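Build the full structure now, drawing on both the sequences and the hints.
Residue numbers (the working numbering), protein chains in the order written: chain W, 1 to 308; chain S, 1 to 308.
No lab work stands behind these hints: they were computed from the structure. In this text the structure is predicted, and so the values were computed from the model without any measurement. Note that the Cβ used here is the ideal one computed from N, Cα and C, for glycine as well. Among the clues, some could well be false.
So the derived label-pair ranges between C-beta atoms look like this [what the hints assert, rightly or not]:
#: 1; chain 1: W; residue 1: ASP247; chain 2: S; residue 2: SER148; range: 50 to 58 Å
#: 2; chain 1: W; residue 1: GLU276; chain 2: S; residue 2: ASN97; range: 30 to 38 Å
#: 3; chain 1: W; residue 1: ILE267; chain 2: S; residue 2: SER148; range: 40 to 48 Å
Here are the computed lysine to aspartate or glutamate pairs in the EDC-like style, where the Cα-Cα straight-line distance is at most 16 Å [claimed, not checked]:
#: 4; chain 1: S; residue 1: LYS46; chain 2: W; residue 2: ASP170
#: 5; chain 1: W; residue 1: LYS246; chain 2: W; residue 2: GLU283
#: 6; chain 1: W; residue 1: LYS295; chain 2: W; residue 2: ASP268
#: 7; chain 1: W; residue 1: LYS33; chain 2: W; residue 2: GLU113
#: 8; chain 1: W; residue 1: LYS285; chain 2: W; residue 2: GLU245
#: 9; chain 1: W; residue 1: LYS46; chain 2: S; residue 2: ASP170
Covered stretches of chain W, going by a simulated chain S footprint (3 or more residues, C-beta under 8 Å) [what the hints assert, rightly or not]:
#: 10; segment: 130–141
#: 11; segment: 191–199
So the chains spell out like this:
Number of protein chains: 2
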Amino acid sequence: MTETAEMKNTLRESSSSTAERAFLFGRGDRTMKVIETIAEMRQVRKQLEGPVGFVATMGYFHEGHLSLVRKARADNPSVVVSIFVNPAQFGPHEDFNTYPRDLPRDLALLEKERVDVVFAPPVEEMYPPGFNSWVDIEGVTERLEGASRPGHFRGVATVVNKLFNIIQPDISYFGQKDAQQALVIRKMVRELNMGIEIVTLPTVREPDGLATSSRNAYLKPEDRKAAPILHRALSLAQELWGKGEKDAEKIRQQMRELILKEPLAKIDYVSIADPETLEEMEEVKTPALVSLAVKIGKTRLIDNVVVG
Amino acid sequence: MTETAEMKNTLRESSSSTAERAFLFGRGDRTMKVIETIAEMRQVRKQLEGPVGFVATMGYFHEGHLSLVRKARADNPSVVVSIFVNPAQFGPHEDFNTYPRDLPRDLALLEKERVDVVFAPPVEEMYPPGFNSWVDIEGVTERLEGASRPGHFRGVATVVNKLFNIIQPDISYFGQKDAQQALVIRKMVRELNMGIEIVTLPTVREPDGLATSSRNAYLKPEDRKAAPILHRALSLAQELWGKGEKDAEKIRQQMRELILKEPLAKIDYVSIADPETLEEMEEVKTPALVSLAVKIGKTRLIDNVVVG
Chain W
1 MTETAEMKNT LRESSSSTAE RAFLFGRGDR TMKVIETIAE MRQVRKQLEG
51 PVGFVATMGY FHEGHLSLVR KARADNPSVV VSIFVNPAQF GPHEDFNTYP
101 RDLPRDLALL EKERVDVVFA PPVEEMYPPG FNSWVDIEGV TERLEGASRP
151 GHFRGVATVV NKLFNIIQPD ISYFGQKDAQ QALVIRKMVR ELNMGIEIVT
201 LPTVREPDGL ATSSRNAYLK PEDRKAAPIL HRALSLAQEL WGKGEKDAEK
251 IRQQMRELIL KEPLAKIDYV SIADPETLEE MEEVKTPALV SLAVKIGKTR
301 LIDNVVVG
Chain S
1 MTETAEMKNT LRESSSSTAE RAFLFGRGDR TMKVIETIAE MRQVRKQLEG
51 PVGFVATMGY FHEGHLSLVR KARADNPSVV VSIFVNPAQF GPHEDFNTYP
101 RDLPRDLALL EKERVDVVFA PPVEEMYPPG FNSWVDIEGV TERLEGASRP
151 GHFRGVATVV NKLFNIIQPD ISYFGQKDAQ QALVIRKMVR ELNMGIEIVT
201 LPTVREPDGL ATSSRNAYLK PEDRKAAPIL HRALSLAQEL WGKGEKDAEK
251 IRQQMRELIL KEPLAKIDYV SIADPETLEE MEEVKTPALV SLAVKIGKTR
301 LIDNVVVG
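Structure follows, in structure tokens:
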């Protein structure tokens, strides 16, 4: 059975009937609904007790995702999680096809976190033939990830806009690791008057400082050993700033020099920018968003800290 | 007193207190709320009995607007009308500043139609400093009005998206006169999963066939006499099609020849297109959207009919 066929089969089983799902997940009193269509999601939404907390994900969960889910669970009577690897946010030469997927494991993890509803639509449900409606957040998307990945934030803003319209959450949780994404979503919600509260939660890290990421699955053993260089560079920036260095370019330069010592690392960008406008700073004023994108072997990783 | 100051004053008076409004509009039992802020609109929305019918307008009402309001009133327990001359949908050399406005008259007309809530925000409320979030419906906006007025539909889609998010109607009414606009809104609602029903109502015409439009106010007496040429050209298209003509270019050509006989008329476009894709037809297949944009003197007018 191919991975896709297996996934579909799992989805079918887990959405087949309440009794079966309860059996599958070993839960007699309460079942997690797994929904594949927008129409059913709308129906189920009407039954949910508010406030509804929502976490939008591309699946392949790590502790970063789970920290968002746990916060949503702690704060809301109802929790919806979406799992959708969004083709619109991947460039033509990026990793949409190989992006890691493991729906059965993801569903089991969400069940443990006592999530109420999982929305896991197929691509055609979200992007039917002829689809051509886009949400463009301009300005802040021209820098950093937006500059390196043209069209990425159009894809992100559009799918999150759609998910918000379908799920109608009161509050939605995003990770600080994708700092620019959180900024874009906040701006979209505020400027398009979506009336949803956006909460950003801290980046979850491995013991050696590497930020958790689904793409860490790509790292070969030698890459994995090299990958904490991103966090070390961020820590260096904090340390330099703590010692009184206010020249942003000097800090960037020392970060670059540190990273270049790692033979497997290739810098995409190193940035010290205003956390709202993302404009690069000359003099470090707080708060400052220190962020970077570095390729480790063939895997592009990002990370950031806020200084001040 | 400037026109703007007068408008503001009227707004202030009419939103000052329930008793005053009841007095102003000669209505003891029931008052129309006039709201200027998004925050208050959200609060009031929560109190409205659903379904909520909504009509988005730029004011300066004519019978076309009122036909939408009456349908909304007939079909829904609650009716909201917005009055907002949306700068984002005007090009830099278009008529935003001179677009006709008459808020006191508009409010009196809406009161007569027993509208529940008027949302009339100032420009800064809808577009605060730094605003840069846009809804782009691509494909269908590249033709006809979109081709003649670059950026127009970005402005329309964005403001309607915002208004829908603020007012959260169940059903919203648009006029067939702006056929491409109705198409764009339908596509936006469907593809961004906004969950709102869009109803399009027939164009209202003067006895001589001229479609009602706020921009008709610009027409000088000699322009006004020439303006029914748009409707006569559309009627000619219907007649030719009725007689069996299936060659779209022959029909367009005869329409153009008829319009060119009117010295005050200058053609922008004459189109016979698929009503969904707006692709120009070679052979007329039904339904076909016959539409045109013609300048009469200095005033650009549009009109259309659906054939078949």
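Going down the list of hints, with the structure as the test:
no., hint, result
1, W:ASP247 to S:SER148: 50 to 58 Å, "52 Å, holds"
2, W:GLU276 to S:ASN97: 30 to 38 Å, "32 Å, holds"
3, W:ILE267 to S:SER148: 40 to 48 Å, "47 Å, holds"
4, S:LYS46 to W:ASP170, "14 Å, holds"
5, W:LYS246 to W:GLU283, "5 Å, holds"
6, W:LYS295 to W:ASP268, "7 Å, holds"
7, W:LYS33 to W:GLU113, "13 Å, holds"
8, W:LYS285 to W:GLU245, "11 Å, holds"
9, W:LYS46 to S:ASP170, "14 Å, holds"
10, 130–141, "holds (count 11)"
11, 191–199, "holds (count 5)"
Hint compliance for this structure: every hint is met.
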